[in-house]
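So the protein sequences, as listed, match chains A and B.
Just so we're aligned, residue 6 is where the first sequence starts under this note's numbering, counting upward by one.
Just so we're aligned, residue 280 is where the second sequence starts under this note's numbering, counting upward by one.
Quick caveat, the hints were computed from the structure, so don't treat them as lab data.
A virtual CB, placed ideally from N, CA and C, is assigned to each residue, including glycine.
Among the hints, a few may not be true.
In the SDA-like style, the derived pairs of lysine to any residue whose C-alpha atoms are separated by at most 20 Å in a straight line are [what the hints assert, rightly or not]:
| # | chain 1 | residue 1 | chain 2 | residue 2 |
| --- | --- | --- | --- | --- |
| 1 | A | Lys499 | A | Ser10 |
| 2 | B | Lys395 | B | Thr494 |
| 3 | A | Lys499 | A | Ala511 |
| 4 | B | Lys395 | A | Pro312 |
| 5 | B | Lys395 | A | Thr311 |
| 6 | A | Lys499 | A | Gly480 |
Beta-carbon label-pair distances, calculated as ranges [what the hints assert, rightly or not]:
| # | chain 1 | residue 1 | chain 2 | residue 2 | range |
| --- | --- | --- | --- | --- | --- |
| 7 | B | Arg361 | A | Ala26 | 36 to 44 Å |
| 8 | B | Arg461 | A | Ala325 | 25 to 33 Å |
| 9 | B | Leu457 | A | Leu321 | 34 to 42 Å |
| 10 | B | Asn391 | A | Gly440 | 54 to 62 Å |
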Amino acid sequence: MSAASLRTRRSIAVSLLLPLALVAATALVGANGTPSLRDTVITVLSNMIIVLGLQVFIGNSGVYSFGQLGFAAAGAYVAAFLTLPAAFAALQVPGLPHLIADAQLGPLPSTLIAAVACGLFAAVVGLPLMRTSTLAVPISTFAFLIVVYNVLANWEEVTGGVSGLVSIPRTTSIESAALWASVAVVVALVFKWSASGYRLQATREDEVAARSLGISVNGERLLAFALSGVLCGVGGALAVHQSGVLNPATFYFGATVTTVTMMVLGGARSVFGAVLGTVALSTVNEILRGVEGGANVLGIVSIGNTPGLAAIGVGLILLATMIALPDGLSGGREAGELPLPRRLRRARAAALPALSGAAPAEKIAHDGELRAEGISVAFGGLQVLRGVDLTLRRGEALGLIGPNGAGKTTLVNVLSGFLVPDAGTVSLDGVDASGRSPSRLAHAGLSRTFQAALPFPHLSCLESVAVGAMGVGVGRRRAVAVAAEVLDRLDLRKLSSAPAGSLPPAGQRLLGVARALATRPHYLLLDEPAAGLSEGEGEQLVEILGGVLDDFGCGILLIEHEMSVVMSLCPRVQVIDDGATLRVGSPAEVQADPAVVEAYLGSSYPVAIGA
Amino acid sequence: MTELVQNLIDALALGSLYALIALGVTVVYTVMDMMNFAHGEFIMLSAYALFVLADMPFGVAVAGALLTGVLIAVLAERVAFRPVRRADLSAQLVTSLAVATIVQNAVVAFVNARPKSVATPSFVGETTQIGSLSVPNLEFVTLALTAIVLAGLGWMLYRTRSGLAIRAASENFDMARLLGVRADRVIALSFAISGALAAVVGVLLVMQTGQVSATMGLTPVLVGFVAVVIGGFGRMSGAVIGGLFLGAVSSLLGAYLPAELVPFRDAIVFSLPVAILIFRPHGLLGSATGEARV
Numbered sequence: 006m007s008a009a010s011l012r013t014r015r016s017i018a019v020s021l022l023l024p025l026a027l028v029a030a031t032a033l034v035g036a037n038g039t040p041s042l043r044d045t046v047i048t049v050l051s052n053m054i055i056v057l058g059l060q061v062f063i064g065n066s067g068v069y070s071f072g073q074l075g076f077a078a079a080g081a082y083v084a085a086f087l088t089l090p091a092a093f094a095a096l097q098v099p100g101l102p103h104l105i106a107d108a109q110l111g112p113l114p115s116t117l118i119a120a121v122a123c124g125l126f127a128a129v130v131g132l133p134l135m136r137t138s139t140l141a142v143p144i145s146t147f148a149f150l151i152v153v154y155n156v157l158a159n160w161e162e163v164t165g166g167v168s169g170l171v172s173i174p175r176t177t178s179i180e181s182a183a184l185w186a187s188v189a190v191v192v193a194l195v196f197k198w199s200a201s202g203y204r205l206q207a208t209r210e211d212e213v214a215a216r217s218l219g220i221s222v223n224g225e226r227l228l229a230f231a232l233s234g235v236l237c238g239v240g241g242a243l244a245v246h247q248s249g250v251l252n253p254a255t256f257y258f259g260a261t262v263t264t265v266t267m268m269v270l271g272g273a274r275s276v277f278g279a280v281l282g283t284v285a286l287s288t289v290n291e292i293l294r295g296v297e298g299g300a301n302v303l304g305i306v307s308i309g310n311t312p313g314l315a316a317i318g319v320g321l322i323l324l325a326t327m328i329a330l331p332d333g334l335s336g337g338r339e340a341g342e343l344p345l346p347r348r349l350r351r352a353r354a355a356a357l358p359a360l361s362g363a364a365p366a367e368k369i370a371h372d373g374e375l376r377a378e379g380i381s382v383a384f385g386g387l388q389v390l391r392g393v394d395l396t397l398r399r400g401e402a403l404g405l406i407g408p409n410g411a412g413k414t415t416l417v418n419v420l421s422g423f424l425v426p427d428a429g430t431v432s433l434d435g436v437d438a439s440g441r442s443p444s445r446l447a448h449a450g451l452s453r454t455f456q457a458a459l460p461f462p463h464l465s466c467l468e469s470v471a472v473g474a475m476g477v478g479v480g481r482r483r484a485v486a487v488a489a490e491v492l493d494r495l496d497l498r499k500l501s502s503a504p505a506g507s508l509p510p511a512g513q514r515l516l517g518v519a520r521a522l523a524t525r526p527h528y529l530l531l532d533e534p535a536a537g538l539s540e541g542e543g544e545q546l547v548e549i550l551g552g553v554l555d556d557f558g559c560g561i562l563l564i565e566h567e568m569s570v571v572m573s574l575c576p577r578v579q580v581i582d583d584g585a586t587l588r589v590g591s592p593a594e595v596q597a598d599p600a601v602v603e604a605y606l607g608s609s610y611p612v613a614i615g616a
Numbered sequence: 280m281t282e283l284v285q286n287l288i289d290a291l292a293l294g295s296l297y298a299l300i301a302l303g304v305t306v307v308y309t310v311m312d313m314m315n316f317a318h319g320e321f322i323m324l325s326a327y328a329l330f331v332l333a334d335m336p337f338g339v340a341v342a343g344a345l346l347t348g349v350l351i352a353v354l355a356e357r358v359a360f361r362p363v364r365r366a367d368l369s370a371q372l373v374t375s376l377a378v379a380t381i382v383q384n385a386v387v388a389f390v391n392a393r394p395k396s397v398a399t400p401s402f403v404g405e406t407t408q409i410g411s412l413s414v415p416n417l418e419f420v421t422l423a424l425t426a427i428v429l430a431g432l433g434w435m436l437y438r439t440r441s442g443l444a445i446r447a448a449s450e451n452f453d454m455a456r457l458l459g460v461r462a463d464r465v466i467a468l469s470f471a472i473s474g475a476l477a478a479v480v481g482v483l484l485v486m487q488t489g490q491v492s493a494t495m496g497l498t499p500v501l502v503g504f505v506a507v508v509i510g511g512f513g514r515m516s517g518a519v520i521g522g523l524f525l526g527a528v529s530s531l532l533g534a535y536l537p538a539e540l541v542p543f544r545d546a547i548v549f550s551l552p553v554a555i556l557i558f559r560p561h562g563l564l565g566s567a568t569g570e571a572r573v
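Okay, chain B solo, but in the shape it has when bound (with noise of 0.2 Å):
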């Protein structure tokens, strides 16, 4: 019972964090119908900040991972993203593979080829006993966190101008254009978010690994894409659902997979969407909306 509950709480957690990935690609993707590849490497630089501010206050370190993560999402945009917006959709997921690539490449080139450790709070790395759970910290923080967000998000997205901008530019971005919406201020902003998540997700990554390298971008970006396809494209909530049940699958994969398969995880994890898109081609809670209109 202890077993199954601390098994649980693992795969919330985890389901967490991969909820923040998605979210993060979806809400770029509401406004300007991209997959944006390049989200990982949003999340991998804001990871480096905390390296590179390793001596600061660990607040004023996350501080900087954030505002990196806005930082590059913003640049990104304006110098890569913006050109190509009118372009199909493939052709802007091959620009974000290309803005991965340098953006991966430039760390290692300038920065360091190599993975680095950083030193986090220690609190981090310590459990709680509950009762007879014990709960690492960092769970804990991944959770809070999560729900911090979501409600912040929540909150700009229903409560703000910004938000209602945002939404109605994902409903329909020419009509909210027609309408005065300002198309390259809600795109800013959405990237600008899209950082901010990545900046979070970042964080947490290295508090649970405790260091960084170039290449730790990629499996979380798949993840949020993974994600994403469960949940059906372009939904919020499609996305932290997506996010929840992939993390939960992963992580209870690995809790209750023979020793021998354990290896073997990723790969069950990375079939689930397509054994689910045979069964409902557009996700989860999809439905054909994201199909051409006749």
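Just chain A, with the same shape it has in the complex (with noise of 0.2 Å):
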């Protein structure tokens, strides 16, 4: 039996080592050129831990961050204050502390010094950072981004201020380069690739679907902002050993531009495209550079001496990149997930994840309930609930069923935690759970899927199950066992290197709903998993779920409009209607109840209702 696995080790290698041949190859060409490309190559690696830095946090988690420069800057400065020769150091930054400006410390010392400390600057200025909306990260870290110029450039006793510092060692050689970018690589993708950076991407491609399956939002998003401005403190510290000057200026608005820019254009969501499109854009960059200076192109067009002619390039490039090529020249694929030569393609098919052979899912113990007592939820002046009970036991299938309007999605969200009710109180296996968030309540052993499907586009069928189970605390090895058996339980098995935002609709209402029993609930509410799928599949998902019932051992609260599909799965079923209870019964019984009928059908209606 071998155990599932999110990639084939062929993927993996081909992802590890692509990148850190194009490193190597960029090392080569420095080491073997004139000296001022040798210079020039120091500082495209310097820059691409830097495209790397920001490739953790803005690629993995969707959020654009334009502060990250600020902690390139910190570490570059920090470097330089610790390996300045204290003569040096006297004369330029009186204001530094001795202990500081006394340390000549070497380049390897001084270089992981700015890492943790950029690190743990990054760290506390995420933790208020990260709690804003997904819309003003961008612009605090903007700010944030101008705080720093305005400091570095006004503390001038500690920084030198506008004129900045001279005369700091030029340390950093082509290998030690070479060398750092190749962590940085590899950093990157074991980042991306672990159980953190998979929740983090999930948050990427739908906030809500994440919340929903355990996960923090804010806390992965601080996580990757830390680890990012690890490597842009690296990237820093390397480039000012580098060109051994250092100004407020130099990690600015326009270095943000520009690492941005090679982000966007290797394509963000890659680690591959970060080395990629640092190197491409660098190689455009001297180009323009040297047409700068002025230049003769081919002996026909001569141009004279026009500076900022490279920065357009880049704000072109950037800009075409946008139009045309949204996804970046990697696509936002690592590099053992290109589209493969088709000599090659038999091959890779034959080596997909093979799955364990599903053990039955542990069952779960049939005791305990979620209780909802007198919930009233009211938007506006209208009342949407109006003191509502509901009790969902383990181990049963309640249907809770009412026509459109009658506040079916809005108990849902309030259960899980996305809603807090103007009233009432949910309480969990006897625990008091009114008002926590989403994420504690799917750690606290209750999961739900939505009216619309919400995957994860960019993430495969087995990598969106397993971060289910990962959003849960679940270790990424054992997710993603968890996830094959789960993907084999609802027959899914076969999709499961698709790309989620591949399938069809029934297919992603599906894997919704295989991605919420990873969390391995207790409790599963499903929010008309049927709506927008044909009869037959509709009828197809309802079979399955009465399977899932049966082996998971879970709560199932189905919620519905379609009252065919909760008769056949329900022994237990509540009707509300108008924000109230109208009934609890059997189906049999709902049925047979006048009100019913009436709220579903009108009063004139005479005809019994029901499969």
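Dock the two chains into a complex; use the hints.
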């Protein structure tokens, strides 16, 4: 029995080796070139580390930060302070504490200290910043960049002010730059493929669905923000030990645009893209800089000294990428995920991840209940729920039905923590859970699906489902095994390596159920799983769900307005209408209740409803 | 007492300027859900029109600046922003960053790299004595222009068909389209308004500093963004209040900070949004409406 895995060994190897080869090739070009080319290549490699730092946060979270160069600046200043000869330090930055000014470390310890310092700095800065909305992060991070610049430029006795520092030891060799870049590649890939990396990518793909799986959006973002700070700090430290001079403008607006362009050009979701984009844009940039100083292109067009041309080029490339190639050169894929030449395709198909022999999931003890009491919710003047009670026991399937607008989804939103009710309490296995966040509830064993499928389009089906388990803290390896089992159980195994976004609607809906099941819920709330599906698809889904109930032993709350779906699956049904409970009972009892018939069909409709 | 009143008038004037910037950013945001980084470059380019038309009568130069602001905004929308209209917010933000970079460096490359001084009517450089107060005329000009712009914008949004189209589109763009609002026209119109607002700010900035430079748009656009964050996204009223608040804080810090901390005023001002967002994640006026619906 071979364990399931998210990718083949081959794919992992290629994803690692291709970017590393590109780093090595870049270094070789520099090592064999003129001294000025050498310097350029060292700069390219230190930029690459910063771009990888951007990728770690922006690429995985999908949230743009324009403040990461502030950490590169911090790294550069720290590294410069720690290596500046004491005599120069006393002259240039008299206000610097003696302990730091007198320190005269080598390149390695100073870079390491800069890395740690920037990681801590980013964690402290990120703590408030990551609390703000997805929309506000780009702006507040840009504000942070300005704050850093303003302090560096004006705190003269410590930073040297606008004119900055000179005579910093130039110790970055091409070998050390290439080595650090390689480390950064590995770090970025390992993070991306870690449980934490997957949780963060899930928040990028769909924030709401991610929260329902137990993922703390702010927490995952903060971790990546700090790691990004570490990489940016290393990049800054290496850069300053290459140039030997430093001022506040080195890592400011221009550098931010350039590095963001490199990441976007390569494809933000991909580590390989970060490497590729850095090399590609640097090459173009070097050519443009040559032209900027006045050049004779092909002996035909002669261009005078035109500053700003390289920056225009960067801007045009960024614009063209956004319009024509939004996924970048890599298409957002890692090297091992790129489309293969036809010759190799057969071999790859045969190497699809094998799933484990689907040992049935361990049964969960059939006690405890999810209980809501007196739930009331009003939206503005509209009273949507008026004191609704609901009890869902483990191992039972409860149908929640009611006409459109009865308040079914609002009740599910309250139960799952997405909405705080105006009145009423929710308890989970006897413990008060009112006001808990969706992710905390998921950890406590409550999961849900949505009326829309909310897929993670860029993750494979296996990854999407594994994220469900990772969301509630299961380690990566175990999460993949759980996901494989769940996929097997829902008959989705053959699709495990397909991107979730490529599935038809019915498949995405089923995948949503699989994702929720992977959190190993004690209670699963399914909000109209059959909505938008054809009758046949709906019936098939219900059949599968019936099996799930037996296998997983969780309590299922099935919300539907199609009565027939509920009647076949749920021995107990609760009918709500106009925000209040109309009837709780067996399907037969409910169907026979005239009040229910009236709510559904209007008083003048004489025919009994249901299947 | 006199000093306090003086400082308050200064604060109100700077706040008005910031409000105009934030409004320019918001007019586009409400319709297109895009934070336009290039707004600062619209301001910068309008200011350059004054520099280029310096030999003309000042009124003509100002008209030229307005025209420039409107044209560059409409052009940028047509060429750069329309193709990414359906992309997500981050992609649009990055696209506008690209436009900003291109416009700014085109000025560096093809006009001039260094700041240039621009003559403005001597009237705006003088001060008016009111009792013991001496108020720079520029502050009167700023306040008057802001009042005119707010009144004009209000009239346009609430009393004209085009204004109704913009408000409808800002409530629900797709629904407005289904009801017959022409998307291209509404978006182009909101960019034109945004460009005109940028031009007003550009003219005021030139009057204030007496010079133009290629990088003069960076700080204003960030001020505008921060004001929008503080006020709450997507509301005209939020933009005005956010701008007034930010300008007032900045101005009063300049007046009352100890001398050795004055250079760090920007650092303090730009830390404000973070401080505010910690306690009110959706801005001073904001509600949770910006959050994803479940």
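Against the structure, the hints come out as follows:
1. A:Lys499 x A:Ser10: With Cα atoms ~14 Å apart, A:Lys499 and A:Ser10 stay inside 20 Å; holds.
2. B:Lys395 x B:Thr494: Cα-Cα ~12 Å, so holds.
3. A:Lys499 x A:Ala511: holds (15 Å)
4. B:Lys395 x A:Pro312: The given pair, whose Cα atoms are some 17 Å apart, holds under the 20 Å limit.
5. B:Lys395 x A:Thr311: This hinted pair holds, its Cα atoms lying about 18 Å apart.
6. A:Lys499 x A:Gly480: Not satisfied, since the Cα-Cα distance of roughly 24 Å exceeds 20 Å.
7. B:Arg361 x A:Ala26: 36 to 44 Å: At roughly 40 Å between Cβ atoms, A:Ala26 and B:Arg361 fall inside 36 to 44 Å, so the hint holds.
8. B:Arg461 x A:Ala325: 25 to 33 Å: Hint holds: Cβ distance 28 Å, inside 25 to 33 Å.
9. B:Leu457 x A:Leu321: 34 to 42 Å: holds (36 Å)
10. B:Asn391 x A:Gly440: 54 to 62 Å: holds (60 Å)
Hint compliance for this structure: hint 6 is the single one not met.
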